[in-house]
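Asker: So the sequence shown is numbered by the numbering used here: it starts at 1 and just counts up by one.
No lab work stands behind these hints: they were computed from the structure. Possibly wrong hints are sitting among the right ones.
[What the hints assert, rightly or not] Across the chosen pairs, the derived CB separations fall in these ranges:
no. : residue 1 : residue 2 : range
1   : Ile136    : Ala91     : 45 to 53 angstroms
2   : Val167    : Leu26     : 24 to 32 angstroms
3   : Thr85     : Gly56     : 44 to 52 angstroms
We put the beta carbon where it would ideally sit given N, CA and C, even for glycine.
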Amino acid sequence: MLGRLVRRHGDELDDDELAGLADGLLTGGFETTASMLALGALAILRDTVLFGQMTGGDDEVHRAVEELLRYLTVVQIAFPRFARTDVTISATTIAKGDVVLCSLSGANRDPVLGENMERLVPDRAPTQHLAFSHGIHRCLGAELARMELRIALPALARRFPRLRLAVPPEKLSFRELSLVHGIDTLPVYLD
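Work out the full structure: start from the sequences and follow the hints.
Answerer: Here it is as structure tokens:
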């Protein structure tokens with residue numbers, strides 16, 4: 001993809017723009033998927049209903065994956081936007097030119113969407129979510145990510161039905177101050 005961009009638009013992009021594109025592709029194409037797979041594996045380890053869904057039919061897997069995407073939201077902040085005009089929302093004034101950040105994880109847990117949105121509910125009917133953002137900044141790998149999760153997590157649950165954590169949950173270390181929410185390591189027993 002990067003090669004195609006360079007061939008078509010290389011003379012229009014400076015080195016910083018190319019580096020930014022490369023970083024975006026690496027983060028979006030690898031780090032988000034790796035984090036989602038690890039956090040998804042941890043979620044199925046913690047929830048027997050979810051683990052069971054992963055060994056069920058396609059509809060159950062689809063429902064569980066959409067709920068994991070909504071609940072985990074590995075990219076938690078959308079691309080920064082800039083206010084085009086002064087605007088007041090709920091008694092807060094945002095001035096023209098101010099940076100506006102949207103919490104995707106907060107939006108995905110908005111109670112307007114349904115009950116108990118702050119909890120992982122494995123059999124929740126799929127609801128719209130912003131795990132892949134929206135509009136022109138929507139993740140172009142969204143369907144690939146869904147497919148990877150729908151294949152990898154059920155394969156893990158079927159292949160290792162006694163899968164369990166190799167350390168107490170409180171010993172797990174989560175990334176702090178990272179663009180992509182994730183876990184540093186996920187030690188498990190596969191037997």
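Asker: Each hint needs a verdict: does it hold in this structure or not?
Answerer: Evaluation of the provided hints:
About 30 angstroms separates the C-beta atoms of Ile136 and Ala91, a value inconsistent with the hinted range of 45 to 53 angstroms. Our hint of 24 to 32 angstroms for Val167 and Leu26 holds, since their Cβ atoms are close to 29 angstroms apart. Separation of Thr85 from Gly56 is about 50 angstroms and conforms to the stated range, judged on CB atoms against 44 to 52 angstroms.
Of the numbered hints given earlier, the model fails hint 1 alone.
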